[in-house]
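Can you build the whole structure from these sequences, using the hints too?
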Amino acid sequence: DQQVKQNSPSLSVQEGRISILNCDYTNSMFDYFLWYKKYPAEGPTFLISISSIKDKNEDGRFTVFLNKSAKHLSLHIVPSQPGDSAVYFCAFQGGSEKLVFGKGTKLTVNP
Amino acid sequence: GAGVSQSPSNKVTEKGKDVELRCDPISGHTALYWYRQSLGQGLEFLIYFQGNSAPDKSGLPSDRFSAERTGGSVSTLTIQRTQQEDSAVYLCASSPSAETQYFGPGTRLLVL
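Protein chains in written order, with our numbering: chain W, 1 to 111; chain C, 112 to 223.
One or more hints might be untrue.
The following residues of chain C were derived to be distant from chain W, with all beta-carbon distances above 10 Å [claimed, not checked]:
| id | residue |
| --- | --- |
| 1 | E131 |
| 2 | G139 |
| 3 | G183 |
| 4 | V185 |
| 5 | L202 |
In silico DSSO-like cross-links for lysine-lysine, where the CA-CA straight-line distance does not exceed 30 Å [what the hints assert, rightly or not]:
| id | chain 1 | residue 1 | chain 2 | residue 2 |
| --- | --- | --- | --- | --- |
| 6 | W | K71 | W | K5 |
| 7 | W | K68 | C | K122 |
| 8 | W | K68 | W | K103 |
| 9 | W | K71 | C | K168 |
| 10 | W | K68 | W | K56 |
| 11 | C | K122 | W | K103 |
| 12 | W | K56 | W | K71 |
| 13 | W | K5 | C | K168 |
| 14 | W | K106 | W | K5 |
| 15 | W | K54 | W | K68 |
| 16 | W | K106 | C | K122 |
| 17 | C | K168 | W | K103 |
Computed footprint of chain C on chain W, listed as stretches where at least three residues anywhere in the stretch have a Cβ under 8 Å from a Cβ of chain C [what the hints assert, rightly or not]:
| id | stretch |
| --- | --- |
| 18 | 43-53 |
| 19 | 83-97 |
| 20 | 100-110 |
These are calculated hints, taken from the structure and not from any lab test.
Even glycine gets a Cβ: it sits at the ideal position worked out from N, Cα and C.
Here it is in structure tokens:
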């Protein structure tokens, strides 16, 4: 019973271009949505979040989009930089305190 | 310290032995969470503490797993009679509220 699907295990983009990371979910109880970034041998680092009352939240180069009707969450990074290369996890919260995570997408930004 | 700390950073143990993993949350954070990440998987919730009580233990995979938190601060996750499938990265997070969780670097556990 997979509540969250991050269907792309990897993504490769050129420096300066846009990176788009996607997640789909099935649980209608989710009301808070987050993106975490993880470098090797480190814990996940909070990146950006959005609540269910919004459809867009922007923070510098990072923008998160929420399409509630489609149950789809995305993260846009523009322009992408080599330092953005990491594994990105979407995470969902609703009805309880725990976060439900996707399996992650490994982003590689090529110089 | 400024962030969540965990110890040990790496642990290798033999099947059947008990292990204890420690988490020091960010000072003042009342909520504390344990997750684990197995190879190729996302983070899997284990247990949540609010203060010293654990309102949600639903993610603990078996009765070999237990956790406690004392003084509203340090938490210990104990795995008894370890099995090879327990090998994973065990991550602790703390939060001042019900939303953003801040993670430690994790403990990499390998059961031989």
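- Honestly, which of those hints from before does the structure not fit? 5 and 7
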